[in-house]
Amino acid sequence: AQSVTQLGSHVSVSEGALVLLRCNYSSSVPPYLFWYVQYPNQGLQLLLKYTSAATLVKGINGFEAEFKKSETSFHLTKPSAHMSDAAEYFCAVRENQGAQKLVFGQGTRLTINP
Amino acid sequence: GAVVSQHPSWVICKSGTSVKIECRSLDFQATTMFWYRQFPKQSLMLMATSNEGSKATYEQGVEKDKFLINHASLTLSTLTVTSAHPEDSSFYICSAGTPQGQGYGYTFGSGTRLTVV
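Sequences listed follow chains A and B, in order. All residue numbers for the first sequence refer to this note's numbering, where the first residue is 1 and numbers rise by one. All residue numbers for the second sequence refer to this note's numbering, where the first residue is 1 and numbers rise by one.
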């Protein structure tokens, strides 16, 4: 079964600094991977997804992620943090069988310091 | 893009009453709908998966008689919390997908904050 681990439940960076949110996956087959952002009391918004095409995936709001099979990683980055990036971020992998539901990581809360 | 409209955004109900949450796909047909529950500062926990015209499949530990899911059409799925109790207070989110999880992928509703008093 697929699984996702997000390293660091809380990440704090200064405004303008690099954002790096870590995600490692476990999958016996090529995975479909997703990053979502959640603002307080809201649903999830898709940032980007990897579907076995280009390994460097660009998403919305300046975020991107690189799929590294050798490291089983799909880390999310943004070169320069903005105050509006403060939110909860979830990495997810799609199951390949059945209803193909998403399996979520534990989430990482990103705080931006002025 | 794909939009899933979820209502209500928040609801307060008395213990013992039932509450219905609706999720509508506005511009696509949602063959599969996923229902999640989220506790404060935690990740999403899948409760059940529903397919249009079929009975929902519940995750282990989720009471199907308490959380009734109906997916009668390709654009509407509902979650009814029956005989609600304070421990049912939570944030509930729906998500719609296509049969193979392709195309639009997964689109999430805006969530419903349920408070049982």
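Worth flagging that the hints you see were computed from the coordinates, not collected in a lab. Model, not experiment: these values are computed from the prediction. All C-beta atoms in this analysis are idealised placements derived from N, C-alpha and C, irrespective of residue type, glycine included. Just to be clear, a hint being listed does not mean it is correct.
Claimed, not checked - Some chain B residues well away from chain A (every beta-carbon gap over 10 Å; in silico):
| id | residue |
| --- | --- |
| 1 | 8 |
| 2 | 20 |
| 3 | 24 |
| 4 | 55 |
| 5 | 62 |
| 6 | 67 |
| 7 | 75 |
| 8 | 83 |
| 9 | 109 |
| 10 | 115 |
Stated by the list, open to error - Label pairs and their computed distance ranges (CB to CB):
| id | chain 1 | residue 1 | chain 2 | residue 2 | range |
| --- | --- | --- | --- | --- | --- |
| 11 | B | 65 | A | 80 | 32 to 38 Å |
| 12 | A | 55 | B | 82 | 22 to 28 Å |
| 13 | B | 70 | A | 52 | 30 to 36 Å |
| 14 | B | 41 | A | 71 | 27 to 33 Å |
| 15 | B | 117 | A | 58 | 27 to 33 Å |
| 16 | A | 8 | B | 59 | 23 to 29 Å |
| 17 | A | 41 | B | 64 | 45 to 51 Å |
| 18 | A | 20 | B | 82 | 42 to 48 Å |
Evaluated hints:
{"no.": "1", "hint": "8", "verdict": "holds (13 Å)"}
{"no.": "2", "hint": "20", "verdict": "holds (18 Å)"}
{"no.": "3", "hint": "24", "verdict": "holds (13 Å)"}
{"no.": "4", "hint": "55", "verdict": "holds (13 Å)"}
{"no.": "5", "hint": "62", "verdict": "holds (13 Å)"}
{"no.": "6", "hint": "67", "verdict": "holds (16 Å)"}
{"no.": "7", "hint": "75", "verdict": "holds (17 Å)"}
{"no.": "8", "hint": "83", "verdict": "holds (25 Å)"}
{"no.": "9", "hint": "109", "verdict": "violated (5 Å)"}
{"no.": "10", "hint": "115", "verdict": "holds (12 Å)"}
{"no.": "11", "hint": "B:65 / A:80: 32 to 38 Å", "verdict": "violated (51 Å)"}
{"no.": "12", "hint": "A:55 / B:82: 22 to 28 Å", "verdict": "violated (47 Å)"}
{"no.": "13", "hint": "B:70 / A:52: 30 to 36 Å", "verdict": "holds (35 Å)"}
{"no.": "14", "hint": "B:41 / A:71: 27 to 33 Å", "verdict": "holds (28 Å)"}
{"no.": "15", "hint": "B:117 / A:58: 27 to 33 Å", "verdict": "violated (46 Å)"}
{"no.": "16", "hint": "A:8 / B:59: 23 to 29 Å", "verdict": "holds (27 Å)"}
{"no.": "17", "hint": "A:41 / B:64: 45 to 51 Å", "verdict": "violated (27 Å)"}
{"no.": "18", "hint": "A:20 / B:82: 42 to 48 Å", "verdict": "holds (44 Å)"}
The structure does not agree with the numbered hints 9, 11, 12, 15, 17 stated previously, though it agrees with the rest.
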